[in-house]
Amino acid sequence: MKVLITSDLHGLPVAEKNLMKFLERGYDCLILAGDLTNFGPISTAENLFEKIKSIGIPTLAVPGNCDPKPILKVLDKYNVNLHGRCRKIYDIELAGFGGSNLTPFHTPFELSEEEIKEGLSKLPCAESDKLVLVTHTPPFNTKVDLTFQNLHAGSKSIREFTEKRQPALLVCGHVHEARDIDSIGRTIVVNAGPLSMGHAAEAIIDEKISVRLIELSEP
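Under our numbering, the first residue of the sequence shown carries the number 1, and numbering increases by one thereafter.
If you're looking for bench data, these hints aren't it; they were derived computationally from the structure.
Since no wrong hints were added, every one of them can be taken at face value.
Computed list of lysine-lysine pairs in DSSO-like fashion (alpha-carbon distance at most 27 Å, straight line): (1) K21 x K77; (2) K21 x K53; (3) K69 x K17; (4) K2 x K17; (5) K77 x K17; (6) K77 x K51; (7) K164 x K88.
Listed next, with one range per pair, are the computed distances between beta-carbon atoms: (8) K77 x Q149: 31 to 41 Å; (9) T147 x S121: 22 to 32 Å; (10) K51 x M197: 17 to 27 Å; (11) G185 x E207: 11 to 21 Å; (12) S217 x S112: 38 to 48 Å; (13) T103 x P70: 18 to 28 Å; (14) Q149 x I204: 28 to 38 Å; (15) L102 x F148: 17 to 27 Å; (16) D76 x F148: 34 to 44 Å; (17) P70 x P124: 16 to 26 Å; (18) I181 x D206: 13 to 23 Å; (19) R212 x S128: 16 to 26 Å; (20) S112 x P13: 31 to 41 Å; (21) D206 x G185: 12 to 22 Å.
Don't be surprised by glycine CBs; every beta carbon is placed ideally from N, CA and C.
Build out the structure end to end from the sequences listed, making use of the hints.
See below:
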């Protein structure tokens with residue numbers, strides 16, 4: 001299965017255009033790891049999913065901290081909601097938890113570490129050696145949560161869950177400048193970077209999983 005991994009559209013028309021260009025390359029599945037809008041309106045997300053629906057690609061998404069919580073209704077409407085859920089695409093099980101840990105900016109979809117820990121613990125996933133975890137916030141203390149100020153901004157609860165559960169792949173975004181690939185034990189961790197800047201990632205999920213960062217300037 002060839003998967004397009006994206007994050008951080010922030011409601012920008014250029015991000016939507018970039019997504020359509022990436023999809024021209026041919027994918028089996030699309031993952032959107034949050035910040036679909038920039039504090040709303042949720043109609044921005046509705047317009048996006050209408051276009052994705054017309055393409056017909058299986059899609060799953062979680063909200064980001066810049067998405068208002070009513071966006072969950074939009075994700076439900078288009079049957080793409082992975083927040084607090086487990087879904088299967090083909091034979092791959094995916095679990096998701098959106099929003100972010102607390103920030104200094106008081107954005108719409110922030111949660112305490114305790115709330116994140118509780119939400120992750122309730123994910124109704126079967127034991128699978130190919131589990132893909134989709135979060136908006138990166139796990140704490142990795143290459144993919146390092147800010148310009150050289151501070152780790154990720155979630156300790158997501159880190160703890162990853163260390164214990166060891167999903168095959170963890171997909172995230174949130175920290176735009178921390179676009180990278182890292183690992184926690186056996187888990188590959190990828191921050192695809194902001195789609196608005198022409199960044200994404202690509203995963204090939206077969207017997208093994210391979211991940212690479214991609215840009216629109218690439219073939």
